[in-house]
Amino acid sequence: MPVTHRFLLLLAACVLAPPPVIAETSPDVWDKVRTGLFAGRPISEQIEDVIALDTPMRAEDASTVPIAIHVKLPAGGNRSVQKIYLVIDKNPSPLGAVFTFFPDSGRADLETRVRVEEYSFVRAIAELSDGSLYMAANYVKAAGGCSAPGGKDQAAALARLGKMKLRIDEPIALDRPIQAQLMVSHPNNSGLVMDQMTRLYEPSNFVRRIEVTYAGRPVMSADVDFTISENPNFRFYFVPRGDGELKAEVVDSHDLKFESSLAIRQGSGVAN
Amino acid sequence: MAVTDISWLRCGIGTLCRRICRIVCHLVCHIGATLCFAAGLVHADVEHEGALPVAEVAPGIFVHSGHQEVSTAHNHGDICNVGFVVGSRCVAVVDTGGSIVIGRRLRAAVKATTALPICYVINTHIHPDHIFGNAAFKEDKPTFVGHVNLAAAMAARGRNYRNALIRDVGADVAESEIIPPTQPVADLYDIDLGDRILKLRAWPTAHTNNDLTIYDEKTGTLWLSDLLMIGHTPVVDGSLTGWLKVIGDVAQEQPERVVPGHGSAANWRQALAAEESYLRVLLNETRAAIKAKKTMQQAIDSVGWQEKDKWLLFEEFHRRNVTASYAELEWED
Chain A
-5 MPVTHRFLLL
5 LAACVLAPPP
15 VIAETSPDVW
25 DKVRTGLFAG
35 RPISEQIEDV
45 IALDTPMRAE
55 DASTVPIAIH
65 VKLPAGGNRS
75 VQKIYLVIDK
85 NPSPLGAVFT
95 FFPDSGRADL
105 ETRVRVEEYS
115 FVRAIAELSD
125 GSLYMAANYV
135 KAAGGCSAPG
145 GKDQAAALAR
155 LGKMKLRIDE
165 PIALDRPIQA
175 QLMVSHPNNS
185 GLVMDQMTRL
195 YEPSNFVRRI
205 EVTYAGRPVM
215 SADVDFTISE
225 NPNFRFYFVP
235 RGDGELKAEV
245 VDSHDLKFES
255 SLAIRQGSGV
265 AN
Chain B
400 MAVTDISWLR
410 CGIGTLCRRI
420 CRIVCHLVCH
430 IGATLCFAAG
440 LVHADVEHEG
450 ALPVAEVAPG
460 IFVHSGHQEV
470 STAHNHGDIC
480 NVGFVVGSRC
490 VAVVDTGGSI
500 VIGRRLRAAV
510 KATTALPICY
520 VINTHIHPDH
530 IFGNAAFKED
540 KPTFVGHVNL
550 AAAMAARGRN
560 YRNALIRDVG
570 ADVAESEIIP
580 PTQPVADLYD
590 IDLGDRILKL
600 RAWPTAHTNN
610 DLTIYDEKTG
620 TLWLSDLLMI
630 GHTPVVDGSL
640 TGWLKVIGDV
650 AQEQPERVVP
660 GHGSAANWRQ
670 ALAAEESYLR
680 VLLNETRAAI
690 KAKKTMQQAI
700 DSVGWQEKDK
710 WLLFEEFHRR
720 NVTASYAELE
730 WED
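Residue numbers (this note's numbering), protein chains in the order written: chain A, -5 to 266; chain B, 400 to 732.
Calculated from the structure, these hints are not laboratory results.
Owing to the predicted nature of the structure, the values given are computational and were not obtained by experimental measurement.
Now the in silico label distances, taken between C-beta atoms and shown as ranges:
1) A:Ile37 / B:Trp730: 35 to 41 Å
2) B:Ile565 / A:Ile37: 30 to 36 Å
3) A:Glu164 / B:Arg668: 43 to 49 Å
4) A:Ala149 / B:Asn683: 24 to 30 Å
5) A:Lys66 / B:Asp586: 55 to 61 Å
6) B:Lys692 / A:Leu152: 26 to 32 Å
7) B:Ala570 / A:Tyr133: 21 to 27 Å
8) B:Gln651 / A:Ala69: 55 to 61 Å
9) A:Ala149 / B:Gly569: 31 to 37 Å
10) B:Asp591 / A:Tyr133: 50 to 56 Å
11) B:Glu655 / A:Ala149: 32 to 38 Å
12) A:Glu164 / B:Ser676: 32 to 38 Å
13) A:Ala69 / B:Asp586: 55 to 61 Å
14) B:Asn683 / A:Ser126: 46 to 52 Å
We treat Cβ as the ideally placed atom computed from N, Cα and C, and that holds for glycine.
One chain only, chain A, in its complex shape (with noise of 0.2 Å):
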């Protein structure tokens, strides 16, 4: 399951990326990225008891666009969410990420930050469980003025590689969803950007998969791109069954690993 979506964010970063005008001036991308993930499946528009999708109107700093989804399914009924697409059409890469949940999620919920470069649609496509399609999405104008996809500082980024966070912002109580909440210290480059001096382009360096596991049970991964924002940060949810190590296990496209721990105790809300 992995390689197809590895292979698919991989010819969308190679395919639709470079050059980037392709991604800019074809008014058809979504419909090249349908194809290619979903061939000719149906997607329901019809969302308003399965996802919401939480955009900012504008993307104040295009580096840094907070965006939520929430699922809206009954828990505990007959469909759940499985996975979800997240989909920027006007990106150089416009599959950013393929989110995947498991019975141990409890909420397939989820916030992180992305860059959006110009006015585009962002979209979120949730696979449930019976095997259908529905896609949330929403029109984000692009920032004005001086805000850019680039970092900000990628010397500090890059001094604080590979640091990470895990934290619970809730007391514990089992058998139920909890969110926590991952952040990577990453700069997270494109490899889209050209060294003025050399005209060549610099490598990539970006987070590609996280694997999420509670005691040990698989809670969320996610196959995911330089669409994230610098230092990727994600909140989700999981369902403690008992006392147990909340663990997250990240690999960059240089094939670094990184991995953080959390033990879990009844009653405890805490933070390493």
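Keeping the supplied structure of chain A fixed, place chain B upon it in accordance with the hints.
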């Protein structure tokens, strides 16, 4: 005071009239720069053609005050303070405006002021309103000077900035180019314009990660550019905590006068204190929001809105300041 204002040539609105104005202006300017000086009277609201109006704020230091706006097709990116310093040997241009059009008009102002060559073009930082006129000076073959981090910032942002420029200002400024510095400044660097030394200083990450200031020893003028924004909402695009430190250092300086990046004020120390006060509100309230476990979006919706009436363009820049501040401060332990 040599003010190159040609507002007396204005015929009103309309392309045809502007064309006639341009032709007349070119004729007048070609006949002799002194004629252009003659009318140093009132400023028009928006001038579209000819030399940028400049004020000689100290002997040999000429500053054009940009509009307190965002870049549009109407203002061509004439939204920040730009200018030049004249020595006995040559001229240093300080920032070049938000498009090739403004760069050309700034160059015309230089040419209307002095016959000396332009030997330096200094960019005080990466932002598009300060650099997109660079190409207008290529024919002068100047040394382009910038912070040691400027070239990398241009590489990272150039494409996006160009797209935004064409989108917001229009295709008629498509000749605007990103031109990286040929002389990077890592710390301190002196430029000799002839009987005039400009002392350049590269700062640690503050407004951006490539802020450069210029001090003219002869007149005691400190060109702070966007390290001091007056009127215009300060824009955090480097480091909030870093900028507050740099403001502390700047406050120790004893210049005769300063040139801010936006706006003007009779008392620059008061203006610096106002900027610091806004940044401290951002710092304290964003830290408190993170501590209270608010999300970034919740912080954006709640932090600092009581400052709204004190600043121009607050709607355009404040949310982004909170975003950047949150992303920076959440890594504090």
